[in-house]
Amino acid sequence: MPDTRQKRIRNFCIIAHIDHGKSTLADRLLEKTGVLTAREMEEQVLDTMDLERERGITIKAQAARLIYRAQDGNEYILNLIDTPGHVDFNYEVSRSIAACEGAVLVVDASQGIEAQTLGNVYLALEHNLEILPVINKIDLPGARPDEIKQEVEDVIGLDCSEAPLISAKNGVNIESVLENIVKVIPPPTGDEEAPLRALIFDSLYDNYKGVITHVRIMEGSVRAGQEILMMNTKKKFIVTEVGYFRPGGLIPAETLISGDVGFICASIKNVQDTQVGDTITLASNPAKAPLPGYKKAVPMVFCGIYPADGAKYTDLRDALEKLQLNDASLLFEAETSAALGFGFRCGFLGLLHMEIIQERLEREFNLDLVTTAPSVIYRVIKTDGEVLQIDNPANLPDISTIEMMEEPLVKASIMTPPEYVGSIMELCQERRGEYIGMEYIESNRAVLAYDMPLNEIIYDFFDALKSRSKGYASFDYELKGYKKSELVKLDIRLNGELVDALSFIVHESKAYSRGRRMAEKLKDTIPRQMFEIPIQACIGTKIIARETVRAYRKDVLAKCYGGDITRKKKLLEKQKEGKKRMRHVGNVELPQEAFMSVLKLDT
Amino acid sequence: MDPVGVYIHIPFCTKKCNYCDFPSYPGLEGIFHSYGEAVCLEIERIASEYGNISVQTVFFGGGTPSLLPVPILSRIVNTLMQRFRLSEDAEITLEANPGTVHREKAAAWRELGFNRISLGLQAAQDRLLQLMGRIHTRKMFVESIEILDKYGFHNLNADILFGVPGQSLEDWLETLDLLLQTKIHHISAYSLQIEKDTPWFKLQKKGELPYVDESLEREMYYQAIETLKKFGFHHYEISNFSKPGFECRHNLKYWTGKPYIGVGAAAHSFIRDERTANITNPALYIQKIKANVSPMISSEKIDPEEKLSERLILGLRIIDGVSMLELEQEFGPEALDRHRAAIERMEKRNLLYFDGDMLRLTTIGLDYANQVWMEFL
Chain A
16 MPDTRQKRIR NFCIIAHIDH GKSTLADRLL EKTGVLTARE MEEQVLDTMD
66 LERERGITIK AQAARLIYRA QDGNEYILNL IDTPGHVDFN YEVSRSIAAC
116 EGAVLVVDAS QGIEAQTLGN VYLALEHNLE ILPVINKIDL PGARPDEIKQ
166 EVEDVIGLDC SEAPLISAKN GVNIESVLEN IVKVIPPPTG DEEAPLRALI
216 FDSLYDNYKG VITHVRIMEG SVRAGQEILM MNTKKKFIVT EVGYFRPGGL
266 IPAETLISGD VGFICASIKN VQDTQVGDTI TLASNPAKAP LPGYKKAVPM
316 VFCGIYPADG AKYTDLRDAL EKLQLNDASL LFEAETSAAL GFGFRCGFLG
366 LLHMEIIQER LEREFNLDLV TTAPSVIYRV IKTDGEVLQI DNPANLPDIS
416 TIEMMEEPLV KASIMTPPEY VGSIMELCQE RRGEYIGMEY IESNRAVLAY
466 DMPLNEIIYD FFDALKSRSK GYASFDYELK GYKKSELVKL DIRLNGELVD
516 ALSFIVHESK AYSRGRRMAE KLKDTIPRQM FEIPIQACIG TKIIARETVR
566 AYRKDVLAKC YGGDITRKKK LLEKQKEGKK RMRHVGNVEL PQEAFMSVLK
616 LDT
Chain H
125 MDPVGVYIHI PFCTKKCNYC DFPSYPGLEG IFHSYGEAVC LEIERIASEY
175 GNISVQTVFF GGGTPSLLPV PILSRIVNTL MQRFRLSEDA EITLEANPGT
225 VHREKAAAWR ELGFNRISLG LQAAQDRLLQ LMGRIHTRKM FVESIEILDK
275 YGFHNLNADI LFGVPGQSLE DWLETLDLLL QTKIHHISAY SLQIEKDTPW
325 FKLQKKGELP YVDESLEREM YYQAIETLKK FGFHHYEISN FSKPGFECRH
375 NLKYWTGKPY IGVGAAAHSF IRDERTANIT NPALYIQKIK ANVSPMISSE
425 KIDPEEKLSE RLILGLRIID GVSMLELEQE FGPEALDRHR AAIERMEKRN
475 LLYFDGDMLR LTTIGLDYAN QVWMEFL
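So the sequence lines, in the order shown, correspond to chains A and H. The numbering of the first sequence is the numbering used here, which starts it at 16 and goes up by one. The numbering of the second sequence is the numbering used here, which starts it at 125 and goes up by one.
No lab work stands behind these hints, which were simulated from the structure alone. Glycine residues also receive a C-beta, built at the ideal position from the N, C-alpha and C atoms. Check each hint, because a few of them may be wrong.
[Unchecked claim] SDA-like, lysine to any residue: derived pairs with alpha carbons at most 25 Å apart:
1. A:K591 x H:L460
2. A:K595 x H:R435
3. H:K307 x H:V266
4. A:K591 x H:K320
5. A:K584 x A:R568
6. A:K589 x H:K320
7. H:K353 x H:D283
8. A:K583 x H:F325
9. A:K585 x H:T404
10. A:K498 x A:M453
11. A:K583 x H:E424
12. A:K485 x A:V462
13. A:K594 x H:L460
[Stated by the list, open to error] If you want the footprint, here are the derived chain A segments under chain H, 3+ residues with CB under 8 Å:
14. 566–575
15. 588–602
Construct the entire structure; sequences and hints are all you get.
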């Protein structure tokens, strides 16, 4: 009986702030449902990547099917869909949420709700998810579960009287979470006979199977051999395999039916063809309309990535290609810089996404990188009416040909304890923010809303925000649109030579102070050389700041006798190592840190 | 085998200087005797391994070798002469602290066969000597020279330092002036490096050591070159000057890639294309020798490629440079080809130049020699 089948399915995700215990709870749920034996249990199964584990966040949504025999004696299929935990992946989170009927909200018994968590809760409520609050870490000395419950009721308006008090770490009260999932979260109700509509919430590239598309079947069914159609990208494929997820692997199945969470393989070579949020239907019997909410992932932050050793260019390209197999939102194209040689201009969803990719390149592919300061996409309207999208400051056309420029604007919301409101407002003003409003979500938490130019955020806004709020403020943003702006290109000249990789675009009002700080920073970063090095910050031909790196007067080992030779050679070798890591601009040796120094001008 | 140089390390001093990071220890008078015996045993070990080696130069360095009682010194010298074949005109140097030179000692040293004394003056100002932690005065140095001259030493060196915290250009010129008035044939003028694990390094870290201006330090170097040249001293190595014919033949062995044998704690050898080092601690050195165990703690085979690179680096320390013709004959043209691009780069940067087949550091190159040497590693 079809109805009974769906009644025994629960599709849910877990919403939690970083390190409030999402992964640990997921592990416990897997343990209690016996999907894994204790021996198979690897800590934090859902976080498969080292990097994520280290940072306490997840990058890619994944799913697992749990089999649970409830107190009512029935066996239930619980599909846990893991959501990425950061603002950069907001859209991916929204698609994971759209695949569920309910969400488990994990709240730390001593810390309460954080801004990001709240954002995701609202997202879940928008999608009509049933929210099941769970108070975690009740075993910690600072736990105040009653107050936190009250806070959740006050802030979100959820009834917390039945909220399980648990310790995921120690496995306390996990059973009650499972029972509540069955009781509180509604089963799926899609029409099994309708034309197929499957929501893609993630995809994963596999060397043998091609792209493994993660789907939630909303209506209809799908099986191997059928031809499927991606409703937004219009691509067609023949299904080779369908099935469910188990931790660390797949379970093949004959069909996926409405209500199921599982995977579809169809010899898809490119993750770009299985965009998150797209709807899969059958080519032979297509649905009338795709599921709502599809957005193409749009990179917002760009930077140049170059191999520290020019010979590693192809290694870097291979590494980027490999990462892109699993990350449809990572863009890259070849570019060259006079200072840095051959490299790539890469596009990211946001700053964190950028950092993650950089770290993965360095860690997983063992590459030594030089990265340029991040940039956004500026819109340049030329006097002849041509419109350019500029993601690399070096490509800005001659100023005389520019009619006007526009920069991207974001809607930023900052959650902070009230005592830091003053200094954060100051920071936002400094960053050309336009004040929209402030709300108190409870007596000790305010949310500030600002419209801010994205290029003011991508430098060191996170660091500045944290230092002005003693680490308490949190921050979220989304793209709002473009706005006309008085922008100039700031160039850096070393010993008279323009260093293309150090150019950046900045608001006119900021140009002088940034130019000055940049020159000062470079003065501290560039080691003294055999000759004096003038550092100039310029707008066009106008010099707005100048510093000088004094020459060193000697670099010679004064003494070298018998016993010293080995030691002195080692000293020279060390010096040579350092020199090898330098970049050459004209006759100036530039350390790689110099290219990142634009990033940290405030700290 | 080629004639070798022998270096004998005496790791003892009365008091550690504030800038000194050499393996040298005060307060070990109690082991002078057993150390001397150990050195003799090591000489015998070496003689039995290499046979009757012919030796052109002997250098007693330290530490303060002049601190050793004459009978101990005598035991070592006699063992050397018995076990090795010293050439007629061998250069036999003893390093001496001006605070340790007396008539009796000078006479005995001459008697033993020493013909060159290297005195550590460092500076001509008692104020600076005291700051450095030296045990002697300017006056003691002047007297030492007189005594040594009187007892037949006509090949004398003085070590001096420039770029010393608190040292003015006038101080430096006065030091040079003092040497020009005394019977000195050789001058080693070193730019002071503040080495790790010295009292001055710690002071510098705390910001309590007077700052040495780099331009002043270079000015001192240039003035030394100019002044000494005027008075007939030949600038023959980055930090060394001599009257014609008084170059230190022992040290030249290091810079021209010739073999040498080090004896004693912390001594280094380079023989049969192998670099070896002895254990640093004098007590452990004695122990090993007594137990008839080799005191060597490290050894490194130098392959031809490395040897060539060392020859270039060390050879360029010599002001006349290094003969590319000789290197080509010894290592073959292909081996040399590997360095040609670097040489051209350094020529363009005005750090190296050719005089005939001699590759030399330019005047600028003398200030930035590390930049050149790195290229040959």
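Against the structure, the hints:
{"no.": "1", "hint": "A:K591 x H:L460", "verdict": "holds, 20 Å"}
{"no.": "2", "hint": "A:K595 x H:R435", "verdict": "holds, 23 Å"}
{"no.": "3", "hint": "H:K307 x H:V266", "verdict": "holds, 10 Å"}
{"no.": "4", "hint": "A:K591 x H:K320", "verdict": "holds, 20 Å"}
{"no.": "5", "hint": "A:K584 x A:R568", "verdict": "holds, 21 Å"}
{"no.": "6", "hint": "A:K589 x H:K320", "verdict": "holds, 16 Å"}
{"no.": "7", "hint": "H:K353 x H:D283", "verdict": "holds, 17 Å"}
{"no.": "8", "hint": "A:K583 x H:F325", "verdict": "holds, 19 Å"}
{"no.": "9", "hint": "A:K585 x H:T404", "verdict": "holds, 19 Å"}
{"no.": "10", "hint": "A:K498 x A:M453", "verdict": "holds, 23 Å"}
{"no.": "11", "hint": "A:K583 x H:E424", "verdict": "holds, 15 Å"}
{"no.": "12", "hint": "A:K485 x A:V462", "verdict": "holds, 16 Å"}
{"no.": "13", "hint": "A:K594 x H:L460", "verdict": "holds, 23 Å"}
{"no.": "14", "hint": "566–575", "verdict": "holds (count 9)"}
{"no.": "15", "hint": "588–602", "verdict": "holds (count 4)"}
Checked against the numbered hints above, the structure violates none of them.
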